[in-house]
Structures are given as C-alpha cells and as structure tokens.
Amino acid sequence: MENIGYDGPILQARDLEKHFDQNTSLVDTLLRRDKPDVEAVDGVNFAIEENDSLAVIGESGCGKTTLLMTLMGLHDHTGGEVQFKGKPFRKFTKSDWKEYRRSVQVIFQDPFNSLDPKYTIEEALKEPLNIHNIGNKDQRVRDILNDVELQPAEQYLDRYPANLSGGEKQRVSIARALILEPDIVLADEPVSMLDVSTQASVLNMIKNLVDQMGVGLIYISHDLSTVSYVTEQINVMYLGRFVEKAPTEKLLDDPKHPYSQALIDAIPVPDPTVDRTRTEMSGSPRDPIGLGEGCRFRDRCPESMEICEVTPESREVDDGHYTACHLHYDHEAETEDAIASTVSADQPANSDAD
Amino acid sequence: MSEPLLEIDELTAQYETNSGDLTAVSNASFEISEGEFYGLAGESGSGKSTLAKSVIGGLDDNGKIESGVIRYKGQEIQEYTEEEFNEKLRWKEISWIPQGSMNSLDPLQRVSDQALEIAAVHTDLSEQEALGKFEEMFEVVGLQKSRIDDYPHQFSGGMQQRAMIALALFLEPSLVIADEPTTALDVIMQDQIFKYFDEVKDKIDTSLLLITHDISVIFESCDKVAIMHAGQVAETGDVVDVHQNPRHPYTILFKEAFPDIRYPNRELEIIEGYPPQHIGDVDYCSFVDRCPWATEECREGAPTLEQAEEKDHRAACFRMDETARLYEQEYESRLAEAVGQED
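Chains A and B, in that order, are what the protein sequence lines are.
Per our numbering, the first sequence starts with residue 1, numbered consecutively.
Per our numbering, the second sequence starts with residue 1, numbered consecutively.
There may be inaccurate statements among the hints.
[To be verified] Label-pair ranges, simulated between beta-carbon atoms:
id : chain 1 : residue 1 : chain 2 : residue 2 : range
1  : A       : D34       : B       : E199      : 24 to 32 Å
2  : B       : S19       : A       : G8        : 53 to 61 Å
3  : B       : L335      : A       : Q212      : 32 to 40 Å
4  : A       : S282      : B       : D113      : 23 to 31 Å
5  : A       : E154      : B       : N18       : 28 to 36 Å
6  : A       : E309      : B       : Y151      : 55 to 63 Å
[Claimed, not checked] Every beta carbon over 10 Å from chain B, so not counted as near; a handful from chain A, in silico:
id : residue
7  : R101
8  : S114
9  : K126
10 : G167
11 : D195
12 : N204
13 : Y229
It should be emphasised that the hints constitute simulated quantities derived from the structure, not laboratory data.
Glycine included, each C-beta is placed from N, C-alpha and C at the ideal position.
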C-alpha cells in the first residue's frame, strides 16, 4: 500500500452505493419479471482523517450496518468507490487487502457473541498479532489490557469470555481492535448492550483511546444521546442516504433536515419537570426497495412539498453543516434546471414505449 | 388514602440453583394506586423482571416466593390457586406485555383469533362483542381496525408491539405490567408507543407497571418510580421528588450516569463494579461495594426504606440525610481537581 506523497483523507467514500438483488424465483425468471433492487446504501460520501471522529446515526433498517460491512470489504459495493490512502478498492491487490484489514478494525455491537468462547483473553488478543506477524506479543498484550483498564493484566490473561461481565468483554473487544494500532476503527453500536453504569466508562474509554492513539473513528449507532459524547461530527442516515452532516453541537442545537429534527425531538429527556411534546411522526420507514426518484423522507415528512418528488442534493447551509433538503436551498435558481433535466431524461424512454 | 391497587410487602423471591438459593428480589416493598403509572428501574440483574413475574404468578419453575406478601385489591395473590388466578385475574384484571413482546404473538394465528381465544377463556362476551371491543383497542393504539384479521408477520415490529399492547388492554384490566416494552425499538417508534400509553391513561382508567433500565422514559411517562439494585429497592417516590432530591447513592449516580441530550458536554457518572449475586438471605446493603460513601454499618445490616421529607418518598440508606451533601462535596473536589490539572 505504497502511496508516497499522498496527504488526503485516510478513508474516503464517494457516491458509495450498495444494492442487493432480491431472490427471483423460477417463475419470475420465466415470466421475465424483474424485481427491483434493495437500495441499502445509496450515494454516500464522507472522508475521514486520523484523529477524526464521525458518527453515522439512523433507525434500524436505514443501511448503517450495510455501510459498515461495505467499508470493511465484506460486501462488494455496486457503485461509487471507497478509497484507502488514495487507492480505490477495485485496485487493491491481495496484500493491499491484508494491509487494509490491519489498518481498519471493527468493534462489534454484541460483546457477548463476538469473542470466541474457546479462546482465552490472551489467545484472542494474540491471534491478530500472529496473523500479521507482529513481534513482542507478550508486551503488547499487557500494554493494551492496561490501556483498556483491565488491570492487573495478569488476572485477565488466562480467563475465558464466559468469566467476564458484559463491560469487561466489550473492553476486550476494544483491546482486540486496537492491538494492531489501526488507522481507523469502525464501531457498531459498541455500548447498546451494556448497562448505563458501564456504558459511560466504555464511552469515555473509546473517546480517550481514539484521542491518544490518533485513530480515526467511525461510530455507528441509533442512539443520538450517546453518540454526542464521543464524536465531533454526525451524519444522519435515512433509507440509505446521508440527509444531514454537521458538527455534533450544531446538529443538536439546530438540526436542519426535518428527519434530524424528528429524531432529536423524540429522545426522552431524563427530567420529569420538562414537558416534551411527543413525536408527530407516524409509521416507520418503508422498505428500501424500488425507491425511485425523490426525497426518501417525503412520505413521512411534515413539510413535504411538490418539489420533494425530485431528489434533493446536499447543500452547505452553514459552516461545515450540510443537508439534503428542499427547504434549505434556493429553488428558483436550481430546481428549474433539475426538473428540466429529469423531463428531458424521461422523454426518450416515453417515445420508445410508444 | 384509599386502598392501593397493588401492594408488594417485604417480598423475597429466590431461584433454586446448584449452588444454593439465589435471591433475586430481597425484601422489596412498594405500592401502586389506581390509575397510576409506576416505573420500576434498575440495571440488568437487579430483579425487576423477577418481581413482575411474581406478581402475575409467572416465575420460572425453579423460582419461588420465599417470604412476603403481594396484595391485589386487598387480596393476597399467593392464596389463589392456579385455576382461580386464571379465572379471576389474568388478562381481566392484570395483563402482561412481556419483554421482546414482538415475538410474543402466535405467528400461526390471526391477531383477532388470539383476542377471541382470550375472550372465550376469560369472559362470556359473544364473538361479535369481543371483536367489536378489540377493534376499539386497535384504534386506541393507532392501528387500523380493518387489520385485526392480519397475521403477526404482516405487521412491522412497532405495529406488532402495538398489537400486543392492544391485546393487553383488550379486557380493560386494572393493571398492565409492561416489561421493557420499547427497548428494541428506535427512538421515534418508542415515542409513538408512549404517545399511545398517554392516550390509554386519558381514556381508560388503568394502572401501568413499567419495567425498564431507561430512567429517562420513566421520568417522562410515569407518576411514581422505584429504583432497584441487586434485588433490593433502593428508593421509591414521586418522579419529581426522586429526580430533584434523590437520597440513595445509587439513585444519585444512576441518574447522573444517564446521557442527557440537552447537555452533550456533561461528564457522565460511572458506577464502579457490578451488582452482586446473593445466595441465601441478604443481610447487608447490596450497593456497599460500589458505593463511594459506604461505612461499616452498611455491611452489618440491610437498610430498610425510611421516609424522606416529601410524602411517599422513601429511601433505603443509612446515610440518606447526608448523601446530597456528600455528592456535592465529591463533585466540587472533582471540579477543583480538573481545574488544577488544566493549570
């Protein structure tokens, strides 16, 4: 992975798209019935540098986990590209992939099922070192256990995951992710299975470790209230697309996209003297199948307009604050072009049909 | 004050295990009045689900009520035989929304058939009347009444949850017990569900026992709260009193450990350690090893719930009169330390 002189973002996604085929039955094939794709991730853009931290939040089914799997290379993307240190996935050689898998590590949601029950903690932590031929194993294992506050390390080395509590298991998962000194850590809801009393300590630890080790963090969650403690930037995802991107405090204070607003307004406030109004929104997101043109939130949006049938583009509304919503850009100037172009794109198709 | 609807009096519940009797609930007491929304909060393993299961007579086979009394409308629940319990209480008087209730509907039966079955066993309503009533409940929870004949898989997760709530409310019980009804759901869906609970409170005169680890939901939606730690009830009272003037160290720390979207920069409290598991009787404060202000006294005997200043506000802590001051001192010294470090 030599890319001398490259000084752009470490990991970058451009118009990243991951569509899944639906199962087609024999009858469908015989009748030449095409089923539309499942559009799990569609047109996602971001860039992350060392020391950066960004969150992706959204409801279940919005494509967060598919995005993570695609970034790990476990799903092949169907469009756009992912670049690591300037080199796109499609140009990766086998050794590039190995290097990538050392540099990009994952912390999974469920610490109860993501550790091998038959490996001691020491074996679990040494496994990645063995795979990547990294020496000085004993010292590294001890150091990392200290870093994740499993002290004294000797007490933990010979234990099995079954002998650890949920919080301790999650610390082992974090240690396993960090032991290879990665450039990027992808965390998929790392605290959602933990109790509140341990949640805070794991959150603080992730935050401190990322700061100290100069690691880039992508944090995926459905829970805005914990995300805000960890990351500097938040991306709000709805049905496969990023609808808003902003620095954490700006997003919480002044969300622009109606979906972000609804998401923030629905978070319970732990104070009985505050009288929060319940959400106005009804229903749940539809299936990401055959979504077609237009804003994907328009069927639930309280501010839905005619123009929402046209897919809104992401626009900067404030310093570092982007949103893809028709409420936030100048329609007179921009949308005329957009409509004109969609109409002309439709035209030939229609005349063919005739 | 009128007689409470549900009264739990010094209840101890245990599970038989290979290593002895595991005490899941220890000497717990609280009461729920008619029409009241009552929250039961605590970490996993605090005994909240065991307590609720004791109320509906649904403990696992190795579980038993060791001592104490549960009274429903003045009647001791333990005195009922299984048959009487089914006939008089279940669904009709006390209904139950189990944890993960999306998976609690029978996948092979239409939702309406499940309602009819309940009606046939517990009431003498005709099929027509029962369906009419079930349709009403469907509307209360925001589902179209034309969909009562659907199978569970035809609903989304949130709708299944609501269908389950409709079933629980179907025979207009006086008490609904909901065990983590929204834990697996997204915030927007959670808020929608509680919107329907609010409506239930307005339209149907029912009490709710809401069991959850999410104290913010209780603070928002309930009238009263009980905080449990490792089987013991640490504090009970009006949500406002418990929020404004918590007396038990666990309540103080638990509350401050909770992220609040209004203050994203606030330090979150961390409670060291884990709730202990007890074999046999518990004769000390279960929070002692995690408590920053524990004394010898806390190991020598279990504190009982004592009256705090406000009406109905009780805490089980030997130092309940000092805790607020102790926390403030600790907080200030921590602030001073942080400032010192910055210099």
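Here's how the hints hold up against the structure:
Separated by about 44 Å at the C-beta atoms, A:D34 and B:E199 break the suggested range of 24 to 32 Å. Distance hint for B:S19 and A:G8: a CB-CB separation of about 59 Å, consistent with the stated range 53 to 61 Å. Roughly 23 Å separates the CB atoms of B:L335 and A:Q212, a value that falls outside the hinted 32 to 40 Å. A C-beta distance of roughly 27 Å is found between A:S282 and B:D113, which places it inside the suggested range of 23 to 31 Å.
In this structure, A:E154 and B:N18 meet the distance hint of 28 to 36 Å, their C-beta atoms being roughly 30 Å apart. For the hinted restraint 55 to 63 Å between A:E309 and B:Y151, the CB-CB distance of approximately 34 Å leaves it violated. Consistency note on A:R101: stated as away from chain B, and its beta-carbon is indeed over 10 Å from all of that chain's, at 31 Å minimum. No beta-carbon of chain B is positioned within 10 Å of the beta-carbon of A:S114; the least distance is around 18 Å.
The claim that A:K126 is not at the interface with chain B holds, since no C-beta of that chain comes within 10 Å of its own (minimum 27 Å). With a least CB separation of 8 Å from chain B, A:G167 falls inside the 10 Å interface cut-off, contrary to its annotation. For A:D195, the shortest C-beta to C-beta distance to chain B comes to about 4 Å, within the 10 Å cut-off, and the non-interface label is violated. Under the 10 Å C-beta cut-off, the non-interface status given to A:N204 relative to chain B is violated; the minimum distance is some 7 Å.
Residue placement check: A:Y229 does not keep its beta carbon more than 10 Å from all beta carbons of chain B (closest about 6 Å).
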